Amino acid sequence: VSSKDALKRNRFARLGFFGLGVVLFYAPFALLVRAAGALWPASLAGTGVNDVHTACLRMPLGWLTQPWMWPTMAGNPISYLPVLVLPAVALAAGPLFCGWLCPAGAFPEFLGRLVPERFKYDLKDHVSLRPVRYGFFVGFLLAPFVSASICCSFCNFTHMQNIVSAVTGDLSGLAFFSSLGVVAALVWIVPLGLFTTGGRGWCLTLCPAGAVQGLVSGVSAKLPFATRVRTDAATCTGCGSCSAQCHMRAITVEPEAETKVDLHLCDSCLDCVKGCPSGSMRYGRPS
Amino acid sequence: VRIDREQMGTFAGALVATGAAAALTRVCPAGCANCAACATAVLPMAALVGGVGLSAVGGRLARNGVARESDRASEYDTSA
Numbered sequence: 012v013s014s015k016d017a018l019k020r021n022r023f024a025r026l027g028f029f030g031l032g033v034v035l036f037y038a039p040f041a042l043l044v045r046a047a048g049a050l051w052p053a054s055l056a057g058t059g060v061n062d063v064h065t066a067c068l069r070m071p072l073g074w075l076t077q078p079w080m081w082p083t084m085a086g087n088p089i090s091y092l093p094v095l096v097l098p099a100v101a102l103a104a105g106p107l108f109c110g111w112l113c114p115a116g117a118f119p120e121f122l123g124r125l126v127p128e129r130f131k132y133d134l135k136d137h138v139s140l141r142p143v144r145y146g147f148f149v150g151f152l153l154a155p156f157v158s159a160s161i162c163c164s165f166c167n168f169t170h171m172q173n174i175v176s177a178v179t180g181d182l183s184g185l186a187f188f189s190s191l192g193v194v195a196a197l198v199w200i201v202p203l204g205l206f207t208t209g210g211r212g213w214c215l216t217l218c219p220a221g222a223v224q225g226l227v228s229g230v231s232a233k234l235p236f237a238t239r240v241r242t243d244a245a246t247c248t249g250c251g252s253c254s255a256q257c258h259m260r261a262i263t264v265e266p267e268a269e270t271k272v273d274l275h276l277c278d279s280c281l282d283c284v285k286g287c288p289s290g291s292m293r294y295g296r297p298s
Numbered sequence: 038v039r040i041d042r043e044q045m046g047t048f049a050g051a052l053v054a055t056g057a058a059a060a061l062t063r064v065c066p067a068g069c070a071n072c073a074a075c076a077t078a079v080l081p082m083a084a085l086v087g088g089v090g091l092s093a094v095g096g097r098l099a100r101n102g103v104a105r106e107s108d109r110a111s112e113y114d115t116s117a
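Sequence order for the protein chains is L and B.
So the first sequence is numbered by the numbering used here: it starts at 12 and just counts up by one.
So the second sequence is numbered by the numbering used here: it starts at 38 and just counts up by one.
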């Protein structure tokens, strides 16, 4: 199998998993929320709406710095998902949720493949992505201390839910198009999606769920059990195909220098591993 | 982990931009913080995206400042 075919297969497989993400998190399916509601009938999952808001991946992260919200979190086990489960997965295997399951990340990424590259700008060329990502994340955590919120006001998951609802027949979600709530949706889809190289501009800069997984993945990358994308300097030819394929803009290839993967940004999608012509990229533990 | 002045400047800029956006969500007297559903979304989002962009510029200026200092140092070395 050539590297191009392997890359295509990998992307097709990821597309299937993103479909699974829609079924797990988003109404009218929301199977994960329904399962949590069956397990814990008294929790928010059992008493609330069966959509992505009940399995919110943003607000529980903000609750971490708000002790007055801890009882709410304790009584709502599905809120452990972004706080414990996804970071634990990122610790062991990298941010697999971002690269394989998050429809809100995949939507602008795959839609952006329809836009010619010459119309896109590469965030990596203009800004140091890691500090922007963590700067936003720290601001997100601190905002409640000035009685402000950066949660629902800037939520791309909400807009993804609106799109899924509309596609599955519930057009009420499109009401946001009649308000300036469309601003957040447009920023997510257009400048930080369709016209950003890789289509993951929002994920890279304004997603707290991605930031916390990236942080865990990056700082723990050298632990002996940490499975991450890694490069083999001995066989790497420096062709740059991995960097070109990386939608998270996490790979740097410089002439006469080792190819580097920024594991604070990488989402373990494995496009680079499958698409490497020399087989120099691998997904595994430290050697 | 190597953290240079550009990264520190960019981090601080993004943090301030996020703080400004969060503060702007409190401008509206309704105080519902549901800005994505009404006109106030424009201001916080502009603060957030614009501020993050400015932080990149600030970070780059910081890096260029370091580069200029480095150039001057090398000039001194040459003259010495």
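Hint data in this document are derived by calculation from the structure and do not stem from the laboratory.
Treat the numbers as computed from the prediction; the structure is a model and nothing was measured.
Incorrect hints may appear among the rest.
[Stated by the list, open to error] To be clear about the criterion: a stretch of chain L counts as covered by chain B if any three or more of its residues have a C-beta under 8 Å from a C-beta of chain B, and this derived list gives those stretches:
1) 80-91
2) 152-159
3) 194-201
Think of the CB as a built atom: it goes at the ideal place given N, C-alpha and C, for glycine as much as any other residue.
**Prompt:** Any hints this thing doesn't respect? Which numbers, in order?
**Reply:** 1
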